[in-house]
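Produce the entire structure from the sequences given, and follow the hints as far as they go.
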Amino acid sequence: MSLVTQKRDFLSISDFSTDELTRLLNRAHRLKVGKDDSQLIGKSLAMIFRKSSTR
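Here the sequence shown stands for residues 1 to 55, numbered as in this note's numbering.
It should be emphasised that the hints constitute simulated quantities derived from the structure, not laboratory data.
Note that the structure is a prediction, hence the values are computed from the model and not measured.
There's no promise every hint is true.
[Claimed, not checked] As a list, the in silico BS3-like pairs of lysine-lysine whose alpha-carbon atoms are at most 25 Å apart: (1) Lys32 x Lys7; (2) Lys43 x Lys32; (3) Lys51 x Lys32; (4) Lys7 x Lys43; (5) Lys7 x Lys35.
[Claimed, not checked] What follows is a list of derived Cβ distance ranges for each label pair: (6) Arg55 x Thr22: 30 to 38 Å; (7) Ser52 x Asp9: 28 to 36 Å; (8) Ser12 x Ser38: 25 to 33 Å; (9) Thr18 x Ala46: 18 to 26 Å; (10) Asn26 x Thr54: 25 to 33 Å; (11) Thr54 x Asp19: 21 to 29 Å; (12) Arg55 x Asp19: 31 to 39 Å.
Beta carbons are placed, not taken as given, at the ideal position from N, Cα and C, and that holds for glycine.
Encoded structure:
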């Protein structure tokens with residue numbers, strides 16, 4: 001199942017297969033370097049933080 005077509009909540013890294021995580025990170029890299037941004041129009045984005053919030 002494609003990450004592009006299926007909405008999923010990212011609550012735990014164990015919710016995804018190795019292949020899904022690889023595709024997700026590859027896509028994130030393409031977006032970061034300025035490629036593949038036209039598909040983001042009208043979409044919601046998320047941020048991943050390395051450390052827990054202390055608030």
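Are Lys43 and Lys32 close enough, with their CA atoms no more than 25 Å apart?
Roughly 16 Å separates the two Cα atoms, so the pair holds.
When you check the alpha-carbon spacing of Lys51 and Lys32, does it fall within 25 Å?
Since the Cα atoms of Lys51 and Lys32 sit roughly 21 Å apart, the hinted pair holds (cutoff 25 Å).
Given hint Lys43 paired with Lys7 - CA-CA distance at most 25 Å:
holds, 11 Å
Do the Cβ positions of Ser12 and Ser38 conform to the proposed distance bound of 25 to 33 Å?
holds, 30 Å
Within 28 to 36 Å or not, the Cβ separation of Ser52 and Asp9?
violated, 18 Å
Need the status of pair Lys32, Lys7: alpha-carbon distance at most 25 Å?
holds, 21 Å
Do Arg55 and Thr22 keep their Cβ atoms within the hinted range of 30 to 38 Å?
holds, 32 Å
How does the Cβ-Cβ distance of Arg55 and Asp19 compare with 31 to 39 Å: does it lie in that range?
holds, 35 Å
Just tell me: holds or violated, for the beta carbon distance of Thr18 and Ala46 against 18 to 26 Å?
holds, 20 Å
Against the 25 Å threshold, does the CA-CA distance of Lys7 and Lys35 hold or violate the hint?
holds, 21 Å
Taking the Cβ atom of Thr54 and the Cβ atom of Asp19, is their distance within the range 21 to 29 Å?
violated, 34 Å
Can the suggested window of 25 to 33 Å be confirmed for the beta-carbon pair Asn26 and Thr54?
holds, 32 Å
Hint check: violations occur at hints 7 and 11; the rest are consistent with the structure.
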